[in-house]
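2 protein chains.
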Amino acid sequence: MREVRLSIFGFGNVGRALAGVLLEKEPFFRERYGLDFRVVSVADTSGLVWLPEGIDLREALLVKENFGKLSAWTNDYEVYSLRPEEAVREIEADLVVDVTGDMRAHVWHLEALKEGKGVVTSNKPPLAFHYSELVGEAERRELPYLFEATVMAGTPVIALLRENLLGDTVEGIEAVLNATTTFILSRMEEGMTFEEALRKAQEMGIAERDPTADVLGMDAGYKATILHCVAFHPLTFGEASVRGITGVTPEEIERARGRGNTVRLVASIREGSVTVEPKEVSGESPLAVKSYENVAIIKTDLLGELVIKGSGAGLKETASGGVGDIVKASLQLPKG
Amino acid sequence: MREVRLSIFGFGNVGRALAGVLLEKEPFFRERYGLDFRVVSVADTSGLVWLPEGIDLREALLVKENFGKLSAWTNDYEVYSLRPEEAVREIEADLVVDVTGDMRAHVWHLEALKEGKGVVTSNKPPLAFHYSELVGEAERRELPYLFEATVMAGTPVIALLRENLLGDTVEGIEAVLNATTTFILSRMEEGMTFEEALRKAQEMGIAERDPTADVLGMDAGYKATILHCVAFHPLTFGEASVRGITGVTPEEIERARGRGNTVRLVASIREGSVTVEPKEVSGESPLAVKSYENVAIIKTDLLGELVIKGSGAGLKETASGGVGDIVKASLQLPKG
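As you go down the protein sequences, you meet chains V and Z in turn. Counting with my numbering, you get residues 1 to 336 for the letters of the first sequence. Counting with my numbering, you get residues 1001 to 1336 for the letters of the second sequence.
In isolation and in its complexed conformation, chain V is listed as follows:
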């Protein structure tokens, strides 16, 4: 049995789903991989709980659920107000897990790597802005730096491009990478206006409270940028050309429907170019996804066309990517 110490940053919806999976599937990880996860710290924006002997995740989840913040947890545990940069230095851990939305997280990812810790992240901006620096540092130090959950939740498109198809040269990728926009466009097909569809998405908890990043195409743009980095070479979100769905009119959608087509927010990735924009796609195309599905069509010189389609959103679905990476990173960590 191998013990792996995890330091988790972020205890929002995804962080809690991930903690839930670590808890529920403990016997599975022990039996299948000989891995025993010990969570030595958990942090949300209110504070950081740190216990080298291991935190009771069941209790952590209860505290968060009942009091809304980890800092409320004062009877058995110390609550610290360390910044992540400090925490990744001070806390002894094998893996740092980032399930925050911290735009500046690259700073502490780098710090963690310099401290000899592997990193698993579902947080997109570090990759979309600092891919080269982060992945380069991890490679130099031979440490895992894994980010499957940043794109298409747990659907393993990153691993597919990063660790497979190694004999192929990727020629291009077309993908639908944001579920909120698919939801809104689908409701508009049923006759709602953009505003009504957006409100519906928010009511149903599909769109974020601040849906700007989704509807303006930034979320899809981050993801498309990351796919470009993996499939071709590092570039940053600033080089991507992004147009969201706020300008899509009911008339446009109706005209597409008349032709048997549908409008989706499509990412087109070629070497040196990332474009995200609403596009009319054939109803027969794999890009005509429904509900929470994301899809990527990967074209290569040898294999031709490969389609991978799966959940692109959802808590369990995103936790799948994070937990899968935690297992993979644990199996890659230097022994002893």
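Each hint should be verified, as a subset may be incorrect.
Unchecked claim - With the Cβ distance kept under 10 Å, some of the chain V side facing chain Z (calculated, not the full set):
#, residue
1, G167
2, L302
3, G321
Hints were generated in silico from the structure; no laboratory data involved. Note that this is a predicted model, so its numbers are computed, not measured. No residue lacks a Cβ here, since even glycine has one placed at the ideal position from N, Cα and C.
Model the placement of chain Z on the given structure of chain V, informed by the hints.
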């Protein structure tokens, strides 16, 4: 630059396609991975050509093309009549590449592993009958034993199940894994009888000269058995329940069409059970593949439903799997 010595067994259509890719993409492998492949032996059923300094693949391809057999190549090269069991012992190589259809190849795969050599194979029976022994031996010796090209050509469904989704528990797989039967069933939809469609497939070079393994479902059965081994636990082809498409009638296909459905040879894989049989599937289902596509729908506890679809046949497409595995295995080989 790292030199990797390859010993290739099989120089039929797939073997030659693989050699062609190694040759054409030599600069790509050097630049991208720092890998320099030296082919130290190539064998077909006529004999084995062995040159420790490395064989000129261009010449080997020309000889095979012009004379139909490697044993015709006598001016510069020695032709040996070693059996594979002997060859994997005597020839110094880092990787043994099996692109034969040898039913007994597990014997020399095991021998190669015992000699400290990694194995890459597109040959199905060794896996479908001896998975546990082969993968167990490779794991004990910490040597790569890779077989992506055995299922869905280069479409990386094996890697997806073997190296990814590590936090997920697979619940079941439904797949279409044989392109010849899809071709025949599609022609029958257009009004041909089974015999006419089969003859057409043979004329077009889609079906093997002996199409028995395809139409009786054995090829799909081998592949489904391998998927079961990877997703659940090792079992052998003898435990699979297989029914081919020879009994499918034009009337059955016509009735399905009337309901908007289509008949495909579907593999259903659950823990402890592998079934391959013709099934009526909705025209909307990912299983309603066309032409050379293969597809697998993987259901898991966390991610839900994941679809991977791509070429399931073709020479370049199968070479993609083999060459990708050669690169992956090379990067995994113990250093020095």
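Structure-based check of all given hints:
no., hint, verdict
1, G167, "3 Å, holds"
2, L302, "4 Å, holds"
3, G321, "8 Å, holds"
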